[in-house]
Amino acid sequence: MRMWTNASPRPGRIRIVGAVVALSIGVVACGGDDQGESGGAQSGDDEVLVGLITKTDTNPFFVKMREGAEATADELGIDLQSFAGEEDGDNQSQVDAVDNLIAAGATGILITPNDSEAIVPALDRARQAGMLVIALDTPLEPADSADATFATDNFRAGELIGEWARATFEADGTEARIAMLDLNPNQISVDVARDQGFLQGFGVDVGDESVIGDEGDPRIVGHDVTEGSPEGGRTAMENLLQRDPDINLVYTINEPAAAGAYEALRAAGKEDEVTIVSVDGGCPGVENVASGVIGATSMQFPLDMAALGTEAISDFAASGDRPENSEGLDFVNTGVELITDTPVDGVDSQDSTWGLENCWG
Amino acid sequence: MMPSDSTTLDAAPRELADPPVLAARGLVKRYGPVTALGGADFELMEGEVLAVIGDNGAGKSSLIKALSGALVPDEGEIEVCGRPAHFTTPVDARAAGIETVYQTLAVAPSLDIASNLFLGRETRRRGVLGSWLRMLDHAKMRSEAARHLNDLGIMTIQNPTQAVETLSGGQRQAVAVARAAAFGSRVVIMDEPTAALGVRESRAVLDLILEVRGRGLSVILVSHDMPLVFEIADRIHVQRLGRRAGVVTPASHTMTDVVAIMTGAAPAPE
Amino acid sequence: MGITDIPAMAVAGDNEAAPAPAGPRAGRSAQPATEPPPPAPSPSPVTRLQHLLHARATLGPAVVLAVAIIVFASVSDRFMQPANVSLVLQQVAVVGTLAVGQTIIILTAGIDLSVGAVMVLTSIVMGKLSAEAGLPGPVAIGAGFAVGLACGLINGGLVTRLKLPPFIVTLGTLNVFFALNLWYSESATIRGTDMSSTLLWTGETFTVFDTRVTYGSVIMLVLFAGMGFALRMTAWGRHVYATGDDAEAARLSGIRTSRVLLSVYVVAGLVYALGAWILIGRIAAASPQAGQSENLDTITAVVLGGTSLFGGRGAILGTLLGALFVGVLRNGLALSGVDVLWQNFAVGIFVIVAVALDQWIRRLR
Chain A
1 MRMWTNASPR
11 PGRIRIVGAV
21 VALSIGVVAC
31 GGDDQGESGG
41 AQSGDDEVLV
51 GLITKTDTNP
61 FFVKMREGAE
71 ATADELGIDL
81 QSFAGEEDGD
91 NQSQVDAVDN
101 LIAAGATGIL
111 ITPNDSEAIV
121 PALDRARQAG
131 MLVIALDTPL
141 EPADSADATF
151 ATDNFRAGEL
161 IGEWARATFE
171 ADGTEARIAM
181 LDLNPNQISV
191 DVARDQGFLQ
201 GFGVDVGDES
211 VIGDEGDPRI
221 VGHDVTEGSP
231 EGGRTAMENL
241 LQRDPDINLV
251 YTINEPAAAG
261 AYEALRAAGK
271 EDEVTIVSVD
281 GGCPGVENVA
291 SGVIGATSMQ
301 FPLDMAALGT
311 EAISDFAASG
321 DRPENSEGLD
331 FVNTGVELIT
341 DTPVDGVDSQ
351 DSTWGLENCW
361 G
Chain B
1 MMPSDSTTLD
11 AAPRELADPP
21 VLAARGLVKR
31 YGPVTALGGA
41 DFELMEGEVL
51 AVIGDNGAGK
61 SSLIKALSGA
71 LVPDEGEIEV
81 CGRPAHFTTP
91 VDARAAGIET
101 VYQTLAVAPS
111 LDIASNLFLG
121 RETRRRGVLG
131 SWLRMLDHAK
141 MRSEAARHLN
151 DLGIMTIQNP
161 TQAVETLSGG
171 QRQAVAVARA
181 AAFGSRVVIM
191 DEPTAALGVR
201 ESRAVLDLIL
211 EVRGRGLSVI
221 LVSHDMPLVF
231 EIADRIHVQR
241 LGRRAGVVTP
251 ASHTMTDVVA
261 IMTGAAPAPE
Chain C
1 MGITDIPAMA
11 VAGDNEAAPA
21 PAGPRAGRSA
31 QPATEPPPPA
41 PSPSPVTRLQ
51 HLLHARATLG
61 PAVVLAVAII
71 VFASVSDRFM
81 QPANVSLVLQ
91 QVAVVGTLAV
101 GQTIIILTAG
111 IDLSVGAVMV
121 LTSIVMGKLS
131 AEAGLPGPVA
141 IGAGFAVGLA
151 CGLINGGLVT
161 RLKLPPFIVT
171 LGTLNVFFAL
181 NLWYSESATI
191 RGTDMSSTLL
201 WTGETFTVFD
211 TRVTYGSVIM
221 LVLFAGMGFA
231 LRMTAWGRHV
241 YATGDDAEAA
251 RLSGIRTSRV
261 LLSVYVVAGL
271 VYALGAWILI
281 GRIAAASPQA
291 GQSENLDTIT
301 AVVLGGTSLF
311 GGRGAILGTL
321 LGALFVGVLR
331 NGLALSGVDV
341 LWQNFAVGIF
351 VIVAVALDQW
361 IRRLR
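Chains as they are written, first to last, in the working numbering: chain A, 1 to 361; chain B, 1 to 270; chain C, 1 to 365.
By construction, these hints were calculated from the structure, which means they are not laboratory data. Keep in mind that this is a model prediction, so the values were computed, not measured. Hints may contain errors.
[What the hints assert, rightly or not] From the structure, some residues in chain B lie toward chain C, with a derived Cβ separation under 8 angstroms: (1) VAL91; (2) ARG94; (3) ALA106; (4) ALA108; (5) SER115; (6) GLU122; (7) ARG134; (8) LEU136; (9) MET226; (10) LEU228; (11) PHE230.
[Unchecked claim] Pulled from the structure, derived: some chain B residues nowhere near chain C, Cβ distances all over 12 angstroms: (12) ARG30; (13) VAL72; (14) GLU77; (15) THR100; (16) ALA196.
For every residue, glycine included, the Cβ atom is placed at its ideal position computed from N, Cα and C.
Let the sequences and hints guide you as you build the complete structure.
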């Protein structure tokens, strides 16, 4: 920019900038990204150190995860250090965190990877150093790069709400016009699993289970993306409504997107005619189930994921035992529960009161 | 404080009662170990064209900056029409009636001529629109701009709404001069006006300077262009080593003499 | 935003009244009067186009927008229905509003990367004060504007006092404001049902010609009109352009460029708070995860609108056209069932074309 080409530094300015830099270094050194239990960067031989690395530290899902890990670590008397990427997709910060933990001599790592493939070399280094690596919520690619994966069966989560929707619509005898509100164009595993699970549960032929959008069923009006945010949810819903104002069933990738979609329906005066389903089980989302915004949602248990993961590392430190996968799956299923106030036969569910007691966020 | 150097040599006698329209005594400016001005004096008489010449490092630009308010001297006094003046910004100098045409011209290239002419002193509309909404009077500024250009005899610019960047170097120079002449009430300082111009455009600048003087304004012309200086200046202020080496006239000295004084090869005139 | 008084034109007039020595041309050098330059050869169509685009910065974006509308209208008969037109306005309202702030900053040859962060921080302040502290709606909104103003002061102060490049400053404040947002909100979304209805008013609609239009869309349009007036018709606007065009020239002309720069960032901060209010109305919530894409979206709108990233050149109307263009593109492509992938692709291509065009136009010097 032209304005800055002739700026010449003056002593006063350098002093101020220097002070700011020194202050920042001080803040980072003292506070830093150590959000965990204790401050020690080195773990002694007697102390077990667990590292938790989440995708971000802004999503309440990961906040809950951290709380679960901290609580369990407290109970078991082991050390926990938390790290997070700066934003969704930030792989580099997670790689740095892994290296830090290796240097600190940690026993194990719990990680929700931002990039399931790119993080693998760093985690291989950790395993070579004798650490136990556990993936939470999102599997690695390849999945066996982790010693274990504790995750929600996202496909099952989608299936549950799909089955619920199918039963609900069959009871009414209504033909469904379905809007699919996904996460983003990248077709990441969580997105694909929930989307395809829902369609499968509803009874739509999903074609290739690992691809969104290859279905030919005429009941599907279309797909759009929401970035998992209420703004995105509203815009996506508006656009799909323009394509077909008779949409009566909306699948959403998560509850914030569902909230946004609801606003779009309300603006069009259709909020009572359309059913919204979602996945997550966050407390605001369960409140939305209670108030009728969301018809049914599949609840996840991030707290359990983290707690079980922490326990597994503690066990490993004590006895060298490694965790085992759930039957028939290549991960440990931390469970999913359907929350709805309008249950249907043949699909197990809990009501919103139960949901509010067990929700996260 | 150094004794001030007050030698002058004038071609024509002046009435001693009239104070110089702009004067400075004992100006000092230091930049760390470097002394740019070491007790410089200066006088500009009313209605004259005074050329200021000097080699690089003589303190020419510091002197001019002090007189135009772009620089605050460490020591020394400045007087406008005999009364003391203190300039802390160029705006102060402008308020005293001193306008400067900078070497860089200080025009905003993408704005039009009228906007540039009134830059920093835009005309507002009358009444509520002007005082409450602070609306500008574009039409008035445009017509005024056209008038100013016309009055100075600048015929090659037809359209006051064309952007300054579409003008040639000489035309831009003309706009900058027109601006100074339009608002200057006492002094117009011109800093190297022909430095970037060709022969024909330099002549046009010369005409402009004469036109400006013809209005009763006094002109300070800082220039390396000796032929121009000798053609148009009434007196020549020679700056050397941070001080005034002397004031001569084109009649009393030749170009060679003056260059010699400038470089120190010849002694300063007594 | 000081405006200088009417200059001492009387003085110039007095000089004219004084007797001029033997006519206005007396004292001229003995050279023939400068003739007008010989007529230039007729310019090629491409050069003429270049001149035209140079003179009218918004012509390009206007044409592109018109073409897009025509194309989509022919592809889908839903596109031009009043309900869809209102929809596009709603979808564009938040980014359009924020882009007004970004535009004036870019006009001064600066850039603001903290747009989204300021917006989300002010939205959380508004939401929290209303929903949790129980403050009346207008007070909560006012507090949000105060926070926006403070953020603008911080950005502007760092740029003008410390003379740091805007890119760096706002890169830093982006992180600071976003962190403050997360800390204050504890990462939790505040639901609209807990807020005073004043905060949600921007999402309410009124009916005109059988179509529902949100107040938020109208606010955006009014903001564009108001800023357009300020930029074109006030001295402050002039000074903004001059400062961006050539800051040194502006300074030497007596413009207090520091004041101008500071004012631009402060006004932008207030505009971002307005955008936050419109967002709350749109999603009926204050979400701390919002504001992630607004930085790039606002810059896209400004660039597509023909405003130069180097400052001093462009019109606020261009930004509106740019924002509308993106909205129309996304809405139209979605209506036609085109994959989101290609929407992003298309926007990217147009941005590159717009910047290249700007460079080409600027070569006319």
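Hint check, failures only
Failing hints, ascending: 9, 10, 11, 15.
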